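Undergrad: Throughout the first sequence, residue numbering follows the numbering used here, covering 520 to 790 in sequence.
Derived by calculation from the structure, the hints in this document are not laboratory data. Computed from a predicted structure; not experimentally measured. Ideal placement from N, C-alpha and C gives every residue a C-beta, glycine not left out. The reader is advised that the hints may include incorrect statements.
[Stated by the list, open to error] Okay, derived cross-link-like pairs now, PhoX-like style, lysine-lysine, Cα gap no bigger than 25 Å in a straight line:
id : residue 1 : residue 2
1  : Lys567    : Lys609
2  : Lys714    : Lys666
3  : Lys776    : Lys672
4  : Lys725    : Lys714
5  : Lys666    : Lys609
6  : Lys672    : Lys609
[As the list claims (entries may be wrong)] Label pairs and their in silico Cβ distance ranges:
id : residue 1 : residue 2 : range
7  : Tyr548    : Pro639    : 41 to 47 Å
8  : Met608    : Gly539    : 25 to 31 Å
9  : Gly759    : Arg724    : 17 to 23 Å
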Amino acid sequence: MPELPEVETTRRGVAPHITGRKILKVNVYEPRLRWPVPADLPAAAEGKTVQDVTRRAKYLLINLGENELLFHLGMSGNLRIVAPETPRMKHDHVDILLEGDITLRYNDPRRFGCLLLLNPPTQEHPLLRHLGPEPLSDQFSGELLYKLSRQRKSPVKTFLMDQAIVVGVGNIYANEALFLAGIRPTRPAGEVSLKRYQALADAVRKVLSDAINMGGTTLRDFVGGDGKPGYFQQTLRAYGRGGQPCILCKTELKEIKLGQRASVFCPSCQR
DNA sequence: ATAATCACCTGCTCGC
DNA sequence: TGCGAGCAGGTGATTA
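Kindly generate the complete structure, drawing on both the sequences and the hints.
TA: This is the structure in structure tokens:
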């Protein structure tokens, strides 16, 4: 599920419900996530009030003043607001009970996600320190992509998905952005011109902001924090369309593997 | 430093 | 209907 638009959708869905509320209790039913949920996390969070809910890359940060909770949703995680007595479903791993009869519930079938404690809040945590700029900020540009890609031989798609270059571009949106920019995913990153990287940066911004505006992409059963599904999947132009005609020129889209990830492109439009 | 592979998990779909 | 193979939104760790 979660690339940047899905995490942002979750943040927007959840934040209004929990901001300003005091945490009464944290129940960890299954600590074995990607990294174990720290044993001292519940005690550190209980009694604190949620100051704000922010996002860095695909991490969701719940600021509690003197410390901060850091969620990652991995491949299959989601956060939702439920009433306190709502029966637990399979793979509901953590409940955060807040005053006002609100529970924030974390579910993650594959357990690739995590819940960690930043004490105190810091951008210098090992998971956050090496992240590139936010794609929707002014720090991100075609010039940046061009500069960082010189001498690099790996495929431009792999380069674009490197979170040290720019954060938040996962497999779906990498495919979509390269399609919009007319760049073949296999092209060595160091061979792409500045002009084409500017088109790619524009495409990344467009694809991500469109997806956020539509509530994220729902594959299988993603729902945002408000429980509503995303609708962006109805507008996917490349991802998942291997073998089908290009929407621009009708040429059959090709599907290949790049770094173990499905990559779809139009052999005619993307060079 | 860069690039390729592995690993962590469960669930679903496909082909036999 | 059952069963194994392969694949899925991510990304840190480990190899060359």
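Undergrad: None of the hints should be skipped; say for each whether it holds.
TA: Quick rundown of the hints versus the structure:
The straight-line distance between the Cα atoms of Lys567 and Lys609 is roughly 28 Å, outside the 25 Å bound, and the hint therefore fails. Simply put, Lys714 and Lys666 have alpha-carbon atoms about 12 Å apart, close enough for the 25 Å limit, and the pair holds. Distance restraint check for Lys776 and Lys672: the Cα-Cα separation of roughly 17 Å lies within the 25 Å cut-off, and the hinted pair is therefore satisfied. Taken as a hint, the Lys725 and Lys714 pair is honoured in the structure, with Cα atoms around 17 Å apart against an allowance of 25 Å.
Simply put, Lys666 and Lys609 have alpha-carbon atoms about 46 Å apart, too far for the 25 Å limit, and the pair is violated. Between the alpha carbons of Lys672 and Lys609 the distance comes to roughly 44 Å, so the proposed pair goes past 25 Å and is violated. Between Tyr548 and Pro639, the C-beta spacing of about 27 Å breaks the proposed range 41 to 47 Å. Between Met608 and Gly539 the beta carbons are some 28 Å apart, a value that agrees with the proposed interval 25 to 31 Å.
Take Gly759 and Arg724: their Cβ atoms lie about 22 Å apart, and the range 17 to 23 Å holds.
Hints 1, 5, 6 and 7, counting from the list given before, are not met by this structure.
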